[in-house]
Amino acid sequence: MNGIINHPEGYIASLQKDVDHYVNSGKWVEDMDKLEYKMNEVAKKAAKKAKVEDAKKLILVIKQMGGTKDTALQELTNNYGDMLSHDEIVKLVHEVYQ
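Per the working numbering: the sequence shown = residues 125 to 222.
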């Protein structure tokens, strides 16, 4: 802060002027939109990861109860078909039933 405190129009006034310019320029809205998009992407990835872990647990339960790969595939499609693609479901079933 060397020299800034003694700014001719005052540090706080200068800072406020910069903040006002940032907010009024529209840059603030653009930055908030970018932040919101990034946060939504992170939330989607976290939700998908949680669904994959839940799906693996379901496959294990089906396998432990003597269920077949086809049964597991059908149950996963019914329960997770909205979040996971058919290829992802098939891959998970094959991983567990190796």
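Calculated directly from the structure, the hints in this document are not laboratory data.
Where a beta carbon is used, it is the ideal one built from N, C-alpha and C, also for glycine.
Be aware that a few hints might be false.
[Stated by the list, open to error] Label-pair distances were calculated between CB atoms; the ranges are: (1) Trp152 x Thr195: 50 to 60 Å; (2) Glu212 x Lys158: 22 to 32 Å; (3) Asn203 x Leu139: 49 to 59 Å; (4) Asp155 x Lys175: 44 to 54 Å; (5) Ala167 x Ser138: 31 to 41 Å; (6) Met156 x Lys215: 32 to 42 Å; (7) Ala167 x His218: 27 to 37 Å.
Here's how the hints hold up against the structure:
{"no.": "1", "hint": "Trp152 x Thr195: 50 to 60 Å", "in the structure": "54 Å, holds"}
{"no.": "2", "hint": "Glu212 x Lys158: 22 to 32 Å", "in the structure": "29 Å, holds"}
{"no.": "3", "hint": "Asn203 x Leu139: 49 to 59 Å", "in the structure": "54 Å, holds"}
{"no.": "4", "hint": "Asp155 x Lys175: 44 to 54 Å", "in the structure": "31 Å, violated"}
{"no.": "5", "hint": "Ala167 x Ser138: 31 to 41 Å", "in the structure": "38 Å, holds"}
{"no.": "6", "hint": "Met156 x Lys215: 32 to 42 Å", "in the structure": "38 Å, holds"}
{"no.": "7", "hint": "Ala167 x His218: 27 to 37 Å", "in the structure": "28 Å, holds"}
Violated hint: 4 only; the structure is consistent with all others.
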